[in-house]
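Undergrad: Chains U and S, in that order, give the protein sequences. Going by full-length UniProt numbering, the first residue of the first sequence is number 1, and it counts up by one from there. Going by full-length UniProt numbering, the first residue of the second sequence is number 1, and it counts up by one from there.
Keep in mind that the hints were calculated from the coordinates and are not lab data. Treat the numbers as computed from the prediction; the structure is a model and nothing was measured. It is possible that some hints are incorrect.
[Stated by the list, open to error] Pulled a few chain U residues facing chain S out of the computed Cβ check, cut under 10 angstroms:
1) 44
2) 45
3) 65
4) 66
5) 67
6) 89
7) 90
8) 92
9) 107
10) 131
11) 138
12) 180
13) 182
14) 212
15) 224
16) 226
[To be verified] Computed cross-link-like contacts, BS3-like style, restricted to lysine-lysine with a CA-CA straight-line distance of at most 30 angstroms:
17) U:24 with S:16
18) S:86 with S:16
19) S:86 with U:69
20) S:16 with U:98
21) U:98 with U:24
In this text, a Cβ means the ideal position worked out from N, Cα and C, and glycines have one as well.
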Amino acid sequence: MSITMTHNAKSAAEDRTQPLGNFKLAAGVTLAVLALMVFWRIFQQVYAWSAGLDSTEPAFDAAWMTLLKVELSVIPLLWVVTWAYLWFTRDRNLGALKPREELRRYFNLVLFNFVYAFCVWFATSFFAEQDASWHQVVVRDTSFTPSHIVLFYGTMPLYVLFGVGSFLYAMTRLPKFATQISIPFVLAVVGPFLILPNLGYNEWGHAFFLMEEVFSYPLHWGFVVMGWSVLALGGLLIQIAMHMLEVIGRLSQEDQASVATQR
Amino acid sequence: MQGGTSVRLYGLEWPKESARISRVFDLLVAAILFLAVSGAFHLHYMLTAGDWDMWIDWKDRQWWVTLTPIMAITFPAALQYVFWTKFRLPIAATFAVVCLLFGQWINRYFGFHLWSYFPMSEVIPALLIPGALVLDIALLLTGNFLFTAMSGAFAFALLFYPTNWFWLAPYRLPVEVMGQLVSVGDYISYAFTRTALPEYIRLIERGTLRTFGGHSAIIASFFSAFVSILMYLAWWHIGMLLARVVTTPNTLKNFMGLTDKDEPAEAAQKAIDGTSLQGRSVAAE
Chain U
1 MSITMTHNAK SAAEDRTQPL GNFKLAAGVT LAVLALMVFW RIFQQVYAWS
51 AGLDSTEPAF DAAWMTLLKV ELSVIPLLWV VTWAYLWFTR DRNLGALKPR
101 EELRRYFNLV LFNFVYAFCV WFATSFFAEQ DASWHQVVVR DTSFTPSHIV
151 LFYGTMPLYV LFGVGSFLYA MTRLPKFATQ ISIPFVLAVV GPFLILPNLG
201 YNEWGHAFFL MEEVFSYPLH WGFVVMGWSV LALGGLLIQI AMHMLEVIGR
251 LSQEDQASVA TQR
Chain S
1 MQGGTSVRLY GLEWPKESAR ISRVFDLLVA AILFLAVSGA FHLHYMLTAG
51 DWDMWIDWKD RQWWVTLTPI MAITFPAALQ YVFWTKFRLP IAATFAVVCL
101 LFGQWINRYF GFHLWSYFPM SEVIPALLIP GALVLDIALL LTGNFLFTAM
151 SGAFAFALLF YPTNWFWLAP YRLPVEVMGQ LVSVGDYISY AFTRTALPEY
201 IRLIERGTLR TFGGHSAIIA SFFSAFVSIL MYLAWWHIGM LLARVVTTPN
251 TLKNFMGLTD KDEPAEAAQK AIDGTSLQGR SVAAE
């Protein structure tokens, strides 16, 4: 996403020629995420039936546990790199931020949220219900099933990357999010993140007292409650819209003052 | 804002640049909402009423008819609060249900059919769009959440079974299999075995003398309609809660290297976020 820029040298006319946000980067990241999702789905198609039926088989270890180890090492590394980058390149002079750059950063934040929502959809819709279908054809003999390795240890850590990343972006680059923590934003990021800790309860339950797979059993309701918090994105978007209106108002005043000075 | 010529958008004259900003923002928000609602609603629905929706032989006259509208009216109600009170858009319920069905159909094909090899005839999701349309129309006509709950939510549940009957009827035809009388839906599911779903936990209506009268679906629909009213009221308020713009001061501000001069003026902050309450800021309803 966009990084801190120096604005003093830029005229208002030059600023207007800049794109509203970093759409190219957002499109690139979205396509990369889509490519990863397609890779995971093809991996499942190829290796679930041939190497994913019995967790004690060497083939299971070679295909599925290798994928798990790659996910559990690469995605946390992406967390550290991305979040550290956003933190260490933070804008330390937000008081001097010009309205047009602030507006651009709001668009970058919305684009960040789009990528987050894109990942959330794959996790909570596409790969989540697919998990129900897999557990109806193969009895689970491990917590690390072919569906879980992609759903819980692939797609979910990936959306945590973008959820926390977007929160850090707002907190480090937008004055109103830096000085006041947005509760809807916290809910929209922390709620889906808590699905991961809830996974511990899910696996414990399936391991010790519930081998059947009725999806609607109370064992799964923790996931449901965490999923509700995604709705807080609505509150966040309303907040962003209100902030942007205020920025546009300031921008308008600035432009009028600029015109008056030229006359 | 300078933008040269003006353009007409949403029935208003806008400076060109403002119109561009508005259009781009609207498109991004629409995409985010579609993905987020589809994901969250689908997760909620699959883990509360999903089993009845996933399998043709679970679509009975008692549990499926009772549970589905109760669990499916949740997100439409929450979104109706936001769409109607903030934007005067009477499309929230239909939008929510279309988002849900999008996720379900994608999954039933790519997951259940292409990966786990269940026939599509076994895993067709329930149809909810007609009930959602009526729910939206009820809000449009009454403009009031209480009347919408009493009429729209009631109709949402009552319409569920008739809505689905036309495509479900063929699966209710009786067939004789190895000397046993079963429905076509049952037979499909016996043929494509579910290893983690043994028959003893199939939660469907049990045949009793009471159900021979054929009233089960009607009774279940009315009970579901009653509970749907309550669910609608609860979820309208959950939507209200989650759409509130609440903020709290960032105690890490100094640690981040920010100073007081970076803070927006208090007056401006109040104008943006609403009234300040003991350090917190809550947007006016």
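Undergrad: The structure should be examined with respect to each hint, and the outcome stated for every one.
TA: Here is how each hint holds up against the structure:
1. 44: holds, 6 angstroms
2. 45: holds, 6 angstroms
3. 65: violated, 20 angstroms
4. 66: violated, 20 angstroms
5. 67: The hint is violated - residue 67 of chain U has no Cβ within 10 angstroms of chain S, the shortest such distance being about 16 angstroms.
6. 89: Status violated, d = 12 angstroms.
7. 90: At about 6 angstroms, which falls below the 10 angstroms cut-off, the nearest Cβ of chain S leaves the hint on residue 90 of chain U intact, so it holds.
8. 92: holds, 4 angstroms
9. 107: For residue 107 of chain U, the interface hint holds, since the closest Cβ of chain S sits about 7 angstroms away, which is under 10 angstroms.
10. 131: It holds, given that the least Cβ distance between residue 131 of chain U and chain S is near 8 angstroms, below 10 angstroms.
11. 138: holds, 7 angstroms
12. 180: holds, 4 angstroms
13. 182: Holds. Min distance 5 angstroms.
14. 212: holds, 5 angstroms
15. 224: Holds, because the Cβ-Cβ distance from residue 224 of chain U to chain S comes to roughly 5 angstroms (cut-off 10 angstroms).
16. 226: holds, 9 angstroms
17. U:24 with S:16: holds, 23 angstroms
18. S:86 with S:16: holds, 25 angstroms
19. S:86 with U:69: violated, 46 angstroms
20. S:16 with U:98: Since the Cα atoms of residue 16 of chain S and residue 98 of chain U sit roughly 21 angstroms apart, the hinted pair holds (cutoff 30 angstroms).
21. U:98 with U:24: holds, 23 angstroms
The structure is inconsistent with the numbered hints 3, 4, 5, 6, 19, although it conforms to all the rest.
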